[in-house]
Structures are given as C-alpha cells and as structure tokens.
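Student: Note that the UniProt record's numbering gives residue 841 to position 841 of the sequence shown, counting from 1, and the numbers run on in steps of one.
Don't read these hints as lab results, they were simulated from the structure.
Glycine included, each C-beta is placed from N, C-alpha and C at the ideal position.
Errors might be hidden in some of the hints.
[Stated by the list, open to error] Just the calculated beta-carbon pair ranges, DEER-fashion:
{"hint": "1", "residue 1": "689", "residue 2": "116", "range": "48 to 54 Å"}
{"hint": "2", "residue 1": "150", "residue 2": "114", "range": "37 to 43 Å"}
{"hint": "3", "residue 1": "839", "residue 2": "817", "range": "26 to 32 Å"}
{"hint": "4", "residue 1": "812", "residue 2": "1137", "range": "28 to 34 Å"}
{"hint": "5", "residue 1": "362", "residue 2": "812", "range": "44 to 50 Å"}
{"hint": "6", "residue 1": "1089", "residue 2": "985", "range": "18 to 24 Å"}
[As the list claims (entries may be wrong)] Below are the DMTMM-like pairs computed for lysine to aspartate or glutamate, each with C-alpha atoms no more than 20 Å apart in a straight line:
{"hint": "7", "residue 1": "1195", "residue 2": "59"}
{"hint": "8", "residue 1": "957", "residue 2": "1148"}
{"hint": "9", "residue 1": "837", "residue 2": "788"}
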Amino acid sequence: MGVPKFYRWTSERYPCLSEVINESQIPEFDNLYLDMNGIIHNCSHPNDDDVTFRITEDEIFVNIFAYIENLYNLIRPQKVFFMAVDGVAPRAKMNQQRARRFMSARTAHTQLAKALENGEIMPSEARFDSNCITPGTYFMTRLHQKLDDWIKTKSATDSRWQGRKIILSGHNVPGEGEHKIMDFIRTERAGSSYDPNTRHCMYGLDADLIMLGIVSHEPHFSLLREEVTFNTRPRKNDNKATKKPKRTDSDVKKFHLLHLSLLREYLAWEFADVKDSLPFEYEMERIVDDWILLGLLVGNDFLPHLPNIHIHDDALPLLYSTYKKVLPTLDGYINEAGYLNLSRFEAFLAELALNDKTSFMERLEDEQFMESKRIRVVDPEQQELAEPELVAFESSDVEDEAGAEESKDEAGGAGAEDDEDDAAFVSDHEEDGDDLEPGSGSDELLLSNLDAQLLEDEFNDELATLALSGMNDADFANDVEACWTKTINNQFKRHKKTYYSDKLRYKNISKQQLREQAEGYVRAIQWNLHYYYHGCVSWSWFYPHHYAPFISDVRGFVGMRMEFELSEPFHPFEQLLAVLPEASADCLPRPLRELMSSDPAKSPICDFYPANFETDLNGKRNEWEAVVLIPFIEEKRLLEAIEAKRSRLTSEENARNSHGSHIQCISSPEPPNSQGQWRTVRSEIPQDSFRIPRSQVKWGLLPNVKMDVYFPGFPTMKHLSHLGELRFANCNIFGMASRKESMVLKVENERAHTDIIELGSELCDEEVCIDWPILKVAKIDSIWGGDDKIVRKCDDEIIVKDMSEEEKRQWQAHANQLTEHLMTRFAIEIAAQKDSKGKHIRPAVAWVRKFTGLVYEAQGGGKEPSVLKACKQWSSPQQLMPVLLPLVVKDVLLENSRVLADLPMKQAYPKQSIVWITDPKFALFGMPGMVNGFSNEKSADCRIEVIGMSTQNKVDKMEALRKKMEQKSLRWMGGYDCARQCQVDTRLFARITGTMFLWNEPRERVEKGQQISSSDSKINCGLALKYSRRDLCVADYTDRTEHTNQRGVTNKVWFYTNLATRLVSEYRRKFPDVWKYLETIGLTQQDDVYYTEDIWSNEKTREKRFGELSEFLGGLPSLEAEQLKCGTVYADRQLITEIEMILAEPDEKKPVMNKYMMAPGALFRYELYNGKVHADPAADFQILDRVALMSSDTKVPKTTQGTVVGIHDDKIDVFFDKPFDGGQKVRGSNEAAAIRVPQSALLNVTFGIVRKNVQHKKQVEKALTGAYVPMPAQKNSAKNEPAPSTSSSNSNSTNNKKNSSKKEKNKQKPTKTDEESPEALTDSLNKLLKIKPPSAEATSGKQVSLMELLGGGGAAGAKKPAQNAKTLAEIESDSSQSASKSSILQQLSAAQKAAAPKPKKEASQKKQKPQAAPPQKVEILRKPTPPPPPPAEEQKPAPAPFGAPTPPPQFPFGPQPLQFAPHPMMMMGYPMGMPMGMPIGGPHHYQQQQNQQEKRANHPTLTDFKPSAVHRRQNCHQRPSNQPPKVTMITKRTSSPTPPEKEEDAAPRALPSSPPPPSKSAAEEKTTTKKPRKKKQSRLGSNFSNPTASS
C-alpha cells in the first residue's frame, strides 16, 4: 500500500508524470524489476466482492506466468530481469501486515454471511484465502517451485530471454520485494563496471515505489503499473454478469509509465523559490533527499501519520511551504544522504507545529455549538441570563493532575506512576511563563467580567467559542498566534491530554513519557531513512504505537542517540503466527495451528488472536485507511510458544520454515542445439549478497552520467523555454477535474514571429521531437499557420500555399482543441503572443508522421560479413497527426548508439530461428519457415536458406464468404423501425433499452436519503443494451453511429438488431403491468427512477413481481455479450457460425515441404523487431482476412492461421482454425479459439494475395520514407536463387540458369538438396515449431497424414483425415512442382509479370552521375485570385469500408486509450453508418471495398512492389547542409496566371486527423519547378537510391 492517496495526489499536482504505453515508442530499458506480490494478488483473487468466485491453484499459476511474460514482452529488458517476491518482512512492517490480514478475514466473513442471508448458493470448493500469499505457506512454496521451473524453461527455449541475467528472489529470501530490488540496485551501483546511464523500469502497485525510485538518484528510472481509475462504482444490477470474475489477463489492460526523470524536474519548479535565498549552495540532489523526508511525515507502512497531517487535507502543500520557509534559516539540508540532522529537523518541526494550533481552531469552528459564535455583549444585569449557558467540566486540570497517581502507562506497559509535578499538560495559571496576551474587543471584555475561578478551573468549549467570535477571517488565516488566547491554549492542552488518554492509553501523560514519544517518533523517521537509503538496519525494531504524537510535542530530541541493533529476521512460520488471524490457521502446519486460538486453555498466546477488534478512522475518510486496534506481538512469548511445538514438525515443514537463496539463470552464448534450446546455467546466490555495508553505498548522481542527452522514451523539460507556476487548473487526470493546485508549465511560443519560409525550410520533412515534455520522435509533413500552409515537395524545394477558408477553419479548430486539451490534461499553457497590430497570434499546427519502429537493411560486400543497418520507420501519410508547433523540439541530442548499432547477419537470423517470407508469390507465404543456412555471407549477394511446410490458406473460401456477407449477417434497424415492429412508443423503446432504475423501497425513504434495508432493493429495470454517456454498446444488440440529416446536421444515432427487438418483445409479453405503467405515467418523468409502489399497490404482489422481474433481467442473454466502444468493427455471431463451418471443411491440398534461398530483405523475423514493426506497413485489416500470428507470446501454434473477426484500433481479434490453451469463445462459437493481438504481431495473408499485387497493372515503384518498400537490385548481385544442390536435376537447373534471361533469373523456385533429407528437415522444423512429431510408425516411405505432419496444431481431439495422407517421398517429389499446382499462385505469377515495372535507364544514369547541386535561389510564382470554387461534394470523407481500421487518436499528448471490455471473452464490434433496415455492411459494402482497392492502387504512396526485391528502408535523402531549399510561393493575392502543381504535392484528404487536400489542376502541374536531387550519405552511413514520396 505504501503511502495512501500519494499516487493520485502526485499525478494531479504534476500532470505530465505518466503516459499510456505506446508500444512503438516504449523506452529501451536495460533492467526490469517486478514486485511480484501485486501480480500474485491480481491473478489469484481478481474480484474480492464475489464470494462465489473459485479458482484452482493451477489456474493461478498459469495466470501468473502469462502476466509475467506479458510484462516482459512489453518492456523487453536488455540486461537484467529481476523478480522479487515478498519474503519475511522486518518487524516494523509486520504490524501493518497483521492489521491488513485481520481486516481481510473479517471482511470475507461478513461477505459470506451476507450472501448466505440473501439465499445465494455457495460452490462446494473452498474459497481462495488471500492470506496464504504470505511467506512459508504451502501455496507460496508450490509457487516458488513452479516459478523456478518456468524461468529455467523460458531461459532455455525463448530467444527473447537470451543474453539476459534472470534473477528470482523468492519468498524464502527475507525482505520485502521492492526493498530487495533496491538492495540489488545499490549493489550494482557500488560496482566499478556499473553504467551510470543504466535505464531502469520497476513494476509495482505500491505508491511508495515513487519514493524508492527517486531515492536511488538514478536519472533514467520509470515505474510501470496498470491504469488507475478512481471514483468508479460497480454497475447497478448487473445480475449474473457481476458474478463473473474480472479478467486476470494482462493483455486486456492498459499500462502507464510514470517517469521519475520528469518528477525530478517538477520538484525543481516546486522548490525554485528557495534557490536564490539559501545561505549555502543549492543542490537539486539534496532537495530530492529532503523531499523524501517530507513524504515520511504523512505516514506509511512503518509509522503512523502525524495528527492533522492528511493528504486529503493538503498536508503535502503544507509541508512544502513550511520547508521553503525554514530552509533559508538553516545552515544546511535536513536529510544528509539518509542521515537525519536532528537540530535542523527540530527547527523544521517547530515551524510545522503551528499547524496543531490552526487545526484545533478549525475544529472549534466546526462544532455544533458554534451556532452561538456571534454573541452580543450583555449588561451585568443580564449576566445571570447568560451564565446558565456556560457548562462546567466535572473536574479541572488541577483535579485531573492530582489523580495522576492512579494512571499507568498502558501503552508502554511500564506501569510507572506519574508525578503530579511532571504532568505534561497543566493550566496556564500554574505555569511560570504566562506570556500569552489576551485579545481585545467586546468578547474579551465579557470574558474579563466573568468569574476568575470559572476562567481558570471551569473553562469549557463555549468560552473558547466566545474568544473566537470577534476574530476576522484574515487574522485567523494569517496569524494564529495573534488570535491564540489563554482560554484557547488551556482548551488545546485539554484536547491533547484527551488524545493521549484515548489513543495511547496515557491517563495523564507525563513530561518524561512525552519525551519518550518524541524520541520514539524521531527514531522511526531515522529507521525509515536508513531503510530507503541503506537497507534494513534492524529486523527487530518497530514503532510500538498505533498513533503518533502531536507535532508540537516532538521536540527536545537533539541530543538523542540513534543506534539500531541489526538482529535476525523471523523465520517463515514465526511470521505466519505473527500476522495471520485465527481464520487463516490452515496456512500453518497442524502443530502450530493449535496456537492460533482465542481460547486461553488451548494457547499461551491466545491474546494475539482476538475474535473481535475495533477500528478507528483517526481523521481518514475511507474504511480501508482505518487504524486496526489489535495488540502488538510480543516476540519472546511468540518464540517460546513455537519452540514447544517445533519437535512435531516434519522435515518438509522444517524446510518450508528455513531461509533460502536467490536463483539466477543465464543462458549460454553458444548457439541452440538441434531442438532449438539454449544451454542454461542455473546458480544460487546467497541471500545477503545484495546487502552491502552503509559505507559502500554510493549516493547521488554517479560520474559520467548523461543529463543533457535525450534517451528516447525518457522525457525531459529541458529543450523548451518554460516557466512553472502553481495554479488551480482543474486538470482531469483520473476522469474528473482536480480540486487541487497543479504545476502549470507555461511554454514560450518562440516561433510565433518566425518567417513562414524559414519555418518550412527548417522543419518540413525533418525529424523532430513532439509531445513535449514526453518527447516522441516524428517527422513533420506540413505546417499550417496564419494564412499559409507549408509542405516540402522534395528535399531541395518547399511549397508555400494559401489556405482555403475551410482549411483555416480546420486549423483554428485543431489549434483550439489541442490548446484546451494540453491545459485540461497536462497543465501546459502556450504563452500568448501578439502581432504588430496587437492581435492575438494563434499557434501554428504541424502535421507529423509518428515514428513506428526500426527496420533493418542488409549491407555487405568485401571481406566483412554482411550486416544489417537499423533504419527508422514512420507512419503512412494517411495517418498524419496534428501537433502544436510551439511544442515541437528540433536538434535534440539523441542517445541512439545502442539502438542503431549494426547487426551481423547471423545474429539477426540465427540458424534454426523462425522467419516469415513476405512475398506472396511463394507457397510458404503465411507459414513459418526455419533458417537452415547461409550462402555468400561476405558479399552483397548474401542469401539465407529457408525451409518450411506450406498448407492451404483458405483465402479463397473467406473471400467467397465476404461476397455473401450481406446475406449472412444480422440485420440492423433504426429506433423508429424497431419500435414500430415491437408496437411500442419510440421514446419508451429508446429508454427501455438503456438504464432505468426501479426502487423496491418507499419513495419517501429514498428521497430523504434514509438508510436502505438491502442493496438489492434497487435494480436496473432497463435492458442495459447501451450506455450513451460512456459511448458503449452491447455487441450483437446495439451500436451507434454518426448520421447526417438532410439539413446537414450530424447526430449520433442508435441502431438495433433483431436480437434487441426480440428481447423488448419478450419483456413486454412477460411484464405487461410494468409496460402499462411506463406507457401511461413513466414517460412524463424527466429522470429514469421509478418505484414499485407506483406499479403494484398490493405488497405481496409487489414482492412477487419484483422478484420475478429481477430474475428475468438477471437471465438475459445480452448479459453474456461484451460491451464495446461504439463503432467497433467486428463479425457478428451469424458470421462466426459461417466461419466455423468453413474451418470444419477438410483441406483439399496436402502439405508440401519447401526450401528457398532468400535475400534477407524478403524475410521478416518477428523477434528482431521486438513486435514493434509491421511485416507489411501497407497492409490494412478487414473482417474475414486470413492472417498468420508471428508472435510467440501466446500458445497459438505458428502453423495455425486465423481469421480476423474484430478490429480495435491497433489490435485485432483473430479466430484461429484450431482451439488452443488460453483461447476464448467468441459470440456463440463452439471452439475457444479467439484472442486479441497487436496488428504488428500479424502477417495479413489475404492482403498480400488478394489486395496487394493485383490491384493495378501499372505499379509505380516509389519508396516511402520508413515504409516497407522494395530493395533495389544491387550491382553484380544475383536475384533470389535456389539452394545449391548436388543432384543431377539441380545441376541441370544450374546450367540452364547460367544461360537464361534476366527475367528467368528473377523467378525463385523451391528446390531440394541431398545435404539434408526431407525427413531430417521435417523433424528439425517440427522441433523448432514445437509441433507434435509423427508417430513411430510414420517413418520414411510410410503414409503420414497432414495432422500428424503438423502435430495437430494444438487442437485437442482433432480428427486425422486419412484421405489426405501422403508419404514423405511424395511430398519430396511434389515440392519442385508446388507452385504450378496452386491456381492462386498461377494467377499471382501472371499478374505480377504483367504489373512489374520495367527498369529505367535514366535512373541508373542518375545513380552513376549525380548532377551538381543547384545554385541557391528562391523563386516566387504568383497567380491571380481565382474565382470561388464550386462546392465540392467530394470533401466529405467516404464512409469507411467494412472491416477498415479505426482512425488514429487526434491528440498528440497523453494517453491514447484503447477500449477493452471487462467481459472475460475476447469479443468484437460492428461497423457503423448502416442505413436502417440494412444488414451488416449494407448494400454498398462490397462496392466500397472495390473503390478503396482502386484508390490504393492509384495512390503513389501505397504502391505495391515486386515481391522478389522486397525490403525495408529509411528514406535518408536530404539536401546538402550548405544549400537552402528552393521555395515556391502559390498565393491568391497576385495577378499572374494560375500555376499548376503535380499530383503528388496534394495534401491528404480533409479528414479529422489529416489536413484537407487542395484541388489540383492540369495547369498547376506545369509551373512547379523541381530541381535535381543530390544524393547524400545517411546518418547511418549508407547510400539510398529511392526517391522520396511527399505527402
């Protein structure tokens, strides 16, 4: 738990701290640390509110492994992967663990009793006890064994785990998980070989991880955690749906990265006020240390918070302001690298103690008797009337002090008598220093006229009230001391004495006891600092109270000694007995369970396990924050009781009760064996290896750390001029506006007065960083601002155009929207700028293409082996994103050395690694291949030998189904048609399909807010088929789309299927009484809250019908459907049924073994790109597309293809051909074969075969920067050639090839060799792909079925069709003719031959003789103002074709939320824009697809290329640095003829996420001049020859 509410408060005060993870731009981390206990809890009891939830131990383990693997694949650490499970904790933490577990047991008991009272039936299996997630239990022992085996397996079989140091610190190693991680980091920092620029990522849910991360003084440190939402309540009356457990899978969760590098810079602004006022040197690292100390004062897991210091009451701003006030008066910093400077700390607390008085005066004002605060002055004659209002206490302070002899120190157990003279709190008249000056005014006159004895001995709350009555608000707020009277002071002392008596059990606390309280609290602060900075300095120390003393009482401790005894940690069973309640006794061995009893006759420590206990909120607001008042454990008694039972423990139990070692796994650098496994070295590290002496701990920033270099993914504010200012900005971080102050970053608009031409030449088509301060790499496409827009036509020329009125409106709308979003989400403000006329200058907008990942280009030749060069990949011009130009950062010094390093060919494509052929003309396209060898390794003609098995891809069958989609899908109707069909009112139909609350309670009781007898008294009597406010629909039942009426007004309209109308009709048939009421009275109400007493007057009838209605609504089939974001594209249940019917048909073709010699550019290895790069960036995903899963993150067999059944932004729902472990059923499917994966993990087979290479006969081979483009033929390089062979047939083929034409040389045919037999190749491939090997009888020459050959693909109980059996000899004989047998490949070959562009001689001449650089020149072409163009109907974007992906998010900053439904199944969604009464897709669906294909074929940036020369590259062409670009001005304010432009200069279409296209004319094309391009050397040192395609 750490520090309650600290994470939320910090995130709202510093809004830019965290971001939703973008998989393409995740920072490259060296080390990943997992605080495992959060994962274990999430995967074992995801829904504590559901008492019927059951889960097996094996399911928990599977969930945990999947969660860990997903986190690993998300971050992909390069050096260290450290998993830390909580071991035995220090005694200081055990008190808090004990309180939590007692509360957990009581809550579970209460929930069970309530469920049984409500008549719920409990499953026969026992409920999982979360208290067993404690070191030493049988569950944790089993988990440790499973983790050990799983880690060893992953290290040996997963290529992504190779070269990493894997460390598991289990439950048998003492220490909390996060602090064992910190011990490891301190040990690494102390080493001489440590890299000071190491990049750390720690996963965990505790809020104090923020402090732990920043206390390390590592500048490159980020925290990973799930998305956090606050103030969310469960849906009312979800009935059976609420009984289902939440998903434990991490693949459906959104993760946030919290950047501690930004927090350091925020803290610099937080304490910037003291920078110039300190009498000593200002050091940021020292400020950070003091900030850690301030955070401890609000309380944590080891010590309670100070009275009146609560985060929700602005305690942290109070601490910060006090610190800034006190620090200039001191002679140094308070926290000296983990050592507390006592004198400076006391000075700070003395100033902070004023808060005690302020809080007390505020408390007096809040009392009910403050209604008489404004009392008028009375005459002496009227005094008698006023006196009865004064109430005397039963005893004065003097009388209480006289009775102090009878009080005992119950809290400390000392039992010493208090001396009356040593009483800590006495009345002011008994103190020597009576220096309080009474206030003035009429109220003080009244007090002076009262009896003196009453003032001194019988003061009470009303006298204190009188003293406050004349105070004005300014005096009260600004100077509490001036308002502090003797009467108030005496009352304050009485208040503190009551606090110590009630909370700490001191009847009349003495001065000595108060000093002990002060020293005990300061000692607790020092122990915490040691724990954070140096590790555990004492295992036995703990704070022995539930409450802390008042700040004003923590004083006089300067001379105290700070020494701690290290001692020894508890053993596991000792901790179990110390922290578990009696209800969790089963977690212990049987002999020790006897001690966990509240019966004195059975246990000598029975008082440790109270059956009943109290809780105290103590100023908090939530029950989970309450203080649990249970007794502390006495160590000596506990150990004596255990020792008496020790002899009865078994050897296995004694082993569980011992401490262990860390486990380390490191894979050998040797290549894998024939089964594709690496040799792994497992070793054990002693438990104390990571605990170093305090003298060896290195504090602060280490030498050679790079603070001014931008590490991609680690944000910084340094690159833009800005100011920080605290303001109430109403930032919305967690779904609601914050009421607290936020640090507003005010950025100067430095480019506001820069010339438009200078902006274009400086920024257009350049790499920049956007999304400041969370910097992301992007490339600027165009700039819009003022009256102009700037685009770069080519590297040596830019175009400046006038914006049309529509473009101006779009620019202004984007600028306003982005500016507002920056302020409300990130508290970033663009400083206002004005022009020479005093007019406000609106910020310019830059349209950018975001960085999507790295791709590799083969380089080779000479004596050195071939290597791969890393190049950057950018999003397509159709995915332009607007950003504000003032937040664009240029010329940032990037740390790319490790990312852009050369990669040897054999390291990129190691032998026996899995690769995918990206060329659809090969039979192996869409199936995995295995690297089997290399040829010509030291030349540019390097080839890779790939073997694999091709099978039927079912593309033709899915395409046939696509044509029938209109008839096979559900039918949709508008609300009017549905209401007419159901014969109900349209308004009632709209409301009944949503949310309508029905109370089974008297209206009067509900409206007055009185206590409700049962939570089941309120249900949702609507069908819950739509959620308009959250923009959610229910799959297969409802959807909402934007609809434009005849007047041009666009509204969001709901549509319904026949399934929804069926539910409404059934509802109306079964409950006509409810419908009659709603039709007559219900529609007249403005709200949707109804009462059963208005429907059924008879009480018995009411109870009966209400129960029947609840049961009916709880059994609706729609509750099983998934809630989706409106507009989600998916395949409905009828289409899923058709897909399953196709998949059930037997394959018509037999598998064929293929072998190819491929160029590296024609292969794609998923692991090489860490899942961040698309195999084909041009591929679009549509429903019914056939895809292959390249990722190894799931248990889907690589040989099993799937069908796209849902599209969710950048993730795809795939229904695979065979079920597998971890698969989900989807919308009525028979098989659990669906899963949601990122687009980058898929190879779109349908796109490659159907839509990519047969769209147009004339393809223009033009490279797009960063796209997946063809690799031009290199000099003296052969095309992809067959593998060398010694057979006669292959020899003839080789001889013929020498005399063949170049066209024949381009053809690649599968070949066979005698180097390896087909049986050996098949066996090797099967082992690598983890395919079940053929049976023992399936030897060479015998029949082997397809299912045997592919190992069944993971489908349990799959039948093996004998008619498809084929011998391996037949496979070998058919392999050379496989291409000719496939009709699809024949068609593709003919189409590619016709569409292949002919090589141009001019291009080769340019390549050999580059022209000289053109002279520096600026050419301005002018044109007259044209007449207003006619309205263009084509400006409206065409409706998206069925299956098209959702457009990217609009905002350049902050989280890009992906909507995932909470249902455990992987479900999908519907296309939008359907006319009423039309089936899914509508009658225009197929025509829209054809139009889109034609558009893609004609678009120059989406050109398809020759598959034989496919390669990825970065366009690195840029003009020489000493040559300015040529500028072409196209303006409406001149009188020359209208100049034309070329078509490729057109801006993208006017979509919300991209700039609108200007109209083009033939005349414009003639006047645009284009200078010859000069080739340049790329930043990576490689020449590129393909031209740039401007957007």
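Student: If you test the structure against every hint from before, which numbers come out violated?
Tutor: 3 and 4
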